[in-house]
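Now for the letters of each chain:
There are 2 protein chains.
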Amino acid sequence: MSAQPSEAPAGGPERVRDAERTRAEILDVATREFADKGYTGARVDEIAAKTSTTKRMLYYYFGSKEQLYVAVLERAYTGIRSVEQQLDVEHLDPVDALRQLAELTFDYHESHPDFIRLVSIENVHRAEHLERSAVLAGLANPALEVLTRILRRGHATGQFRGDVDPLDVHMIISAFCVFRTANRHTFNVIFQRDMLDSDRREHYRTMLSDLLLEHVRAR
Amino acid sequence: MSAQPSEAPAGGPERVRDAERTRAEILDVATREFADKGYTGARVDEIAAKTSTTKRMLYYYFGSKEQLYVAVLERAYTGIRSVEQQLDVEHLDPVDALRQLAELTFDYHESHPDFIRLVSIENVHRAEHLERSAVLAGLANPALEVLTRILRRGHATGQFRGDVDPLDVHMIISAFCVFRTANRHTFNVIFQRDMLDSDRREHYRTMLSDLLLEHVRAR
DNA sequence: GAGTGAACGAACTAGCTAGTTAATAGTTGT
DNA sequence: ACAACTATTAACTAGCTAGTTCGTTCACTC
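Protein chains in written order, with full-length UniProt numbering: chain R, 1 to 219; chain U, 1 to 219.
Treat the hints as calculated values from the structure; they're not laboratory data.
Where chains are identical, the list cannot tell them apart; a pair therefore holds if satisfied intra-copy or between any two copies.
With a straight-line cut-off of 20 Å between C-alpha atoms, the simulated DMTMM-like cross-links for lysine to aspartate or glutamate are: (1) Lys-37 / Glu-66; (2) Lys-50 / Glu-25; (3) Lys-37 / Glu-128.
Please take these sequences and the hints and turn them into a complete structure.
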């Protein structure tokens with residue numbers, strides 16, 4: 001990267017000072033650090049040191065450790081929204097749709113360990129930060145809308161029961177996926193089984209779908 | 001063991017000094033404090049202040065903040081052993097036995113929020129403390145032995161499938177119970193549903209048993 | 001080409017926090 | 001009764017930690 005100072009018109013924006021970039025870098029580092037050490041355990045100095053900027057900038061952009069943490073939380077939470085949008089419910093058999101939703105969620109949890117850790121951490125803090133955040137408005141809807149549509153169509157075709165609560169189904173999916181990643185450490189120490197072992201991945205992935213389908217299936 | 005310390009005048013043991021008692025009090029207070037604030041968030045001074053003794057005693061008996069935390073963890077973990085021992089598997093129909101085991105676990109989680117919080121906290125710390133502890137030896141066995149017996153008898157009577165992994169069943173139970181209590185804060189903020197609401201208690205309790213039975217049932 | 005505000009950096013500080021020191025009071029064994 | 005040990009207290013400290021001060025540099029405008 002050859003530094004193109006001042007006159008950086010067309011080619012590449014090699015800006016020495018770049019608010020957007022600095023802000024984003026702080027957020028990235030802070031996300032890793034908070035996920036790693038927890039809110040109380042994370043150190044502002046440590047976050048700053050891992051940045052290419054200074055602690056002063058961190059306060060300049062985010063105001064306080066807490067506000068930085070909230071910014072991290074908000075960004076992490078918006079990510080999981082995308083899961084449901086990957087699903088083309090209308091063109092799938094309800095059984096396949098539910099299975100795919102479960103698998104997508106399963107995969108998302110597996111590939112975003114920082115997010116899961118942040119959720120655990122935030123729960124230890126009784127969601128006091130998330131509660132005061134504005135982002136969560138409209139976070140519930142996408143997840144539940146897709147599930148509701150799947151369940152309704154499944155009931156229409158006679159494959160599913162009609163009295164299944166979408167939020168209960170969502171809870172089962174979350175419980176399974178969250179437990180597998182969030183609690184794997186104590187589980188592994190006690191039972192000597194690594195729930196994230198790649199050899200067992202397919203087993204768990206199938207198990208979740210089966211569990212769900214057995215639960216919603218018409219009898 | 002419990003010797004009559006000197007001449008306590010009739011009434012009761014008005015012992016001014018009592019190692020056992022002091023130790024136990026510190027452990028109790030520390031359990032609440034660590035469960036409440038997490039390992040990093042808890043303050044040694046605060047724990048000491050909530051005791052009828054001083055900080056020095058805390059170091060006298062436990063050596064360090066970390067060793068005190070480990071002692072708290074160890075005591076908390078031994079409690080859940082009792083759940084399986086309440087169950088008289090041999091005199092129950094396998095279906096009822098599994099249902100009862102699920103319900104006992106469900107109830108234990110609900111009535112021991114501190115324990116669940118400690119488990120969450122310990123997972124945020126990647127079980128590094130539990131790993132170095134000796135207590136966990138033999139912690140896995142009671143839970144799995146009971147489950148194995150239930151599943152085996154259920155298979156013998158033709159009610160259950162024969163290829164069910166006891167640890168998988170245990171995992172489903174834990175995932176459900178742990179998620180319901182450990183993640184209720186973020187869940188409630190996002191979905192406006194309190195999973196611990198007493199109105200929904202029976203619903204969830206039944207749902208877990210149903211889920212399990214559908215899963216192990218012979219087809 | 002000088003002024004202006006946004007972006008940045010180094011060094012500082014007040015208060016906190018785990019752990020200690022040193023001395024004292026109660027308890028036990030003989 | 002007296003030594004030896006156990007339990008206990010208050011005050012102290014070195015290092016850490018979130019947040020700040022104050023001054024500097026860059027980019028853009030007119």
